[in-house]
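K.L.:
Sequence:
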Amino acid sequence: MIDLIEVEKERLLDEWFTLDEVPKGKLHLKLEWLTLMPDAANLDKVLADIRADKDQANDGLSSALLILYLDSARNLPSNPLDFNPGVLKKSAVQRALKSGKKINSNPNPLVQMSVGHKAQESKIRYKTSEPVWEENFTFFIHNPKRQDLEVEVKDEQHQCSLGSLRIPLSQLLASDNMTINQRFQLSNSGPNSTLKMKIALRVLHLEKQERPPDYQHSAQVKRPSVSKEGRKMPIKSQMSASPGTGGTNTAPSTPVMGVDDKPAMEEKPQPPEASPLGQRDLGRSSSSLLASPSHIAAKEPTPSIASDISLPIATQELRQRLRQLENGTTLGQSPLGQIQLTIRHSSQRNKLIVVVHSCRNLIAFSEDGSDPYVRMYLLPDKRRSGRRKTHVSKKTLNPVFDQSFDFSVSLPEVQRRTLDVAVKNSGGFLSKDKGLLGKVLVALASEELAKGWTQWYDLTEDGTRPQVIT
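Reminder that position 224 of the sequence shown reads as 224 in UniProt numbering, one-by-one numbering, no gaps.
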């Protein structure tokens with residue numbers, strides 16, 4: 001296995017790596033840790049480095065990342081025959097006439113987006129001409145000077161197009177911060193049909209560190225790989241055997257006092273988290289992008305793409321920020337601060353109850369401090385519907401929340417689960433001030449879960465080495 005933390009430090013590694021689990025053999029890899037740049041100053045150099053061919057705009061290595069936030073649509077047509085009679089399949093018309101159904105019913109809209117050969121698809125919104133998606137998508141771009149973003153709104157019910165638009169990516173290169181946030185008028189649609197999106201382009205730039213000619217990195221880049229037996233080990237066994245991931249944060253210290261079986265405080269609806277695209281670093285990838293399950297099986301419950309579990313870059317950023325804070329000094333035992341939680345299982349309600357009390361000594365995310373909130377999942381469930389969030393506490397490093405949440409789960413089942421708690425800094429889509437402040441993973445295998453406990457937990461970069469403060 002390659003230690004990505006060391007790759008991040010070195011930025012560029014060009015080495016032969018010895019293969020594991022074989023008598024002999026080596027593999028030559030060139031690894032680059034790239035930075036997401038919000039301007040086109042280095043684009044020409046990047047295009048030259050990846051040998052972007054003018055005749056092959058859609059193929060090859062990536063020079064940029066396209067980030068798309070699909071917000072909503074307005075005034076979609078209810079009868080596609082009124083504006084585009086050629087798009088509705090004859091079979092659909094015949095079925096509608098035969099069944100006596102009206103064609104001009106509200107559509108079931110979805111959005112298909114493509115750049116070159118790569119396409120992604122939004123979820124379906126049923127029976128509405130004013131759909132709201134609030135979904136995020138990314139595309140790796142080979143040459144933004146020659147590629148276009150193609151967007152089409154479709155009606156899943158009648159299998160027809162409700163409108164389309166084409167945006168040359170070169171338009172983003174000339175935009176402020178290479179970002180466009182607006183309502184786009186749809187072509188081949190109704191006169192007032194619009195699609196609201198926020199799209200941004202980020203150039204993938206290699207920031208080489210200045211090194212002396214005789215410099216050699218001393219850190220171990222290659223970590224020992226997990227044996228075949230280790231890979232077959234059940235998740236529960238791995239967590240209990242792994243130091244700092246299970247046993248150290250399950251033993252209760254303070255019994256729960258004053259937490260009864262009343263229904264948990266109702267969670268206020270929160271706007272869905274955008275993908276933490278304030279991140280700056282990203283590994284080089286080819287222009288191919290595998291669509292996530294949320295883009296393929298739109299009707300299935302899907303993991304939230306906002307989860308920093310699915311986006312380890314947030315963890316890498318936090319480690320980098322921690323090193324900057326250290327800057328030659330020795331940080332304390334809990335450099336990222338702590339969070340106080342009450343955790344117990346209610347047998348009467350058959351629910352896991354989690355009370356988020358407060359945090360202390362959080363790191364300042366910017367010059368103005370931090371705007372922290374707490375996000376929780378009951379792993380392995382990472383669906384958006386399984387997410388719990390507190391309110392945002394503005395400009396404080398010692399926020400008090402005192403909010404209660406619950407998860408519907410039996411006691412035998414919850415004892416096989418892990419509570420994923422992340423303290424995050426609030427920020428809008430593409431905001432540089434949005435990111436991870438710290439995490440803790442709480443294994444729930446304790447026999448004291450029915451009784452419950454209240455504890456302080458150390459926050460760490462990835463939650464895997466927590467220390468309990470009793």
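None of these hints come from the bench; they were simulated from the model.
Please read these numbers as outputs of a predicted model, since none were measured by experiment.
Heads up, a few of these hints could be off.
As the list claims (entries may be wrong) - Here are the simulated SDA-like pairs of lysine to any residue, each with C-alpha atoms no more than 20 Å apart in a straight line: (1) 394 to 369; (2) 382 to 408; (3) 145 to 41; (4) 208 to 394; (5) 451 to 416; (6) 123 to 164; (7) 382 to 369; (8) 30 to 71.
Stated by the list, open to error - Using C-beta positions, here's what the derived DEER-type ranges look like: (9) 450 to 127: 23 to 33 Å; (10) 60 to 14: 42 to 52 Å; (11) 75 to 114: 48 to 58 Å; (12) 74 to 27: 46 to 56 Å; (13) 23 to 117: 36 to 46 Å; (14) 179 to 380: 26 to 36 Å; (15) 392 to 24: 51 to 61 Å; (16) 183 to 450: 48 to 58 Å; (17) 49 to 132: 50 to 60 Å.
Note that beta-carbon positions come from the ideal geometry of N, C-alpha and C, so glycine has one too.
K.L.:
Each of the hints needs a verdict: does it hold here or not?
P.N.:
Here is what the structure says about each hint:
1. 394 to 369: Given pair residue 394, residue 369 holds - Cα atoms ~9 Å apart, limit 20 Å.
2. 382 to 408: holds (14 Å)
3. 145 to 41: Answer holds: residue 145 to residue 41 is near 13 Å, not above 20 Å.
4. 208 to 394: violated (36 Å)
5. 451 to 416: The given pair, whose Cα atoms are some 17 Å apart, holds under the 20 Å limit.
6. 123 to 164: Holds, at roughly 17 Å.
7. 382 to 369: Violated. Residue 382 to residue 369 sits at ~29 Å, over the 20 Å cutoff.
8. 30 to 71: violated (38 Å)
9. 450 to 127: 23 to 33 Å: violated (44 Å)
10. 60 to 14: 42 to 52 Å: Violated: the Cβ-Cβ distance is about 20 Å, outside 42 to 52 Å.
11. 75 to 114: 48 to 58 Å: The hinted range 48 to 58 Å is violated for residue 75 and residue 114, with Cβ atoms some 24 Å apart.
12. 74 to 27: 46 to 56 Å: holds (52 Å)
13. 23 to 117: 36 to 46 Å: holds (40 Å)
14. 179 to 380: 26 to 36 Å: At 35 Å between Cβs, range holds.
15. 392 to 24: 51 to 61 Å: holds (55 Å)
16. 183 to 450: 48 to 58 Å: holds (53 Å)
17. 49 to 132: 50 to 60 Å: violated (40 Å)
When held up to the earlier numbered hints, the structure conflicts with 4, 7, 8, 9, 10, 11 and 17 and fits the remainder.
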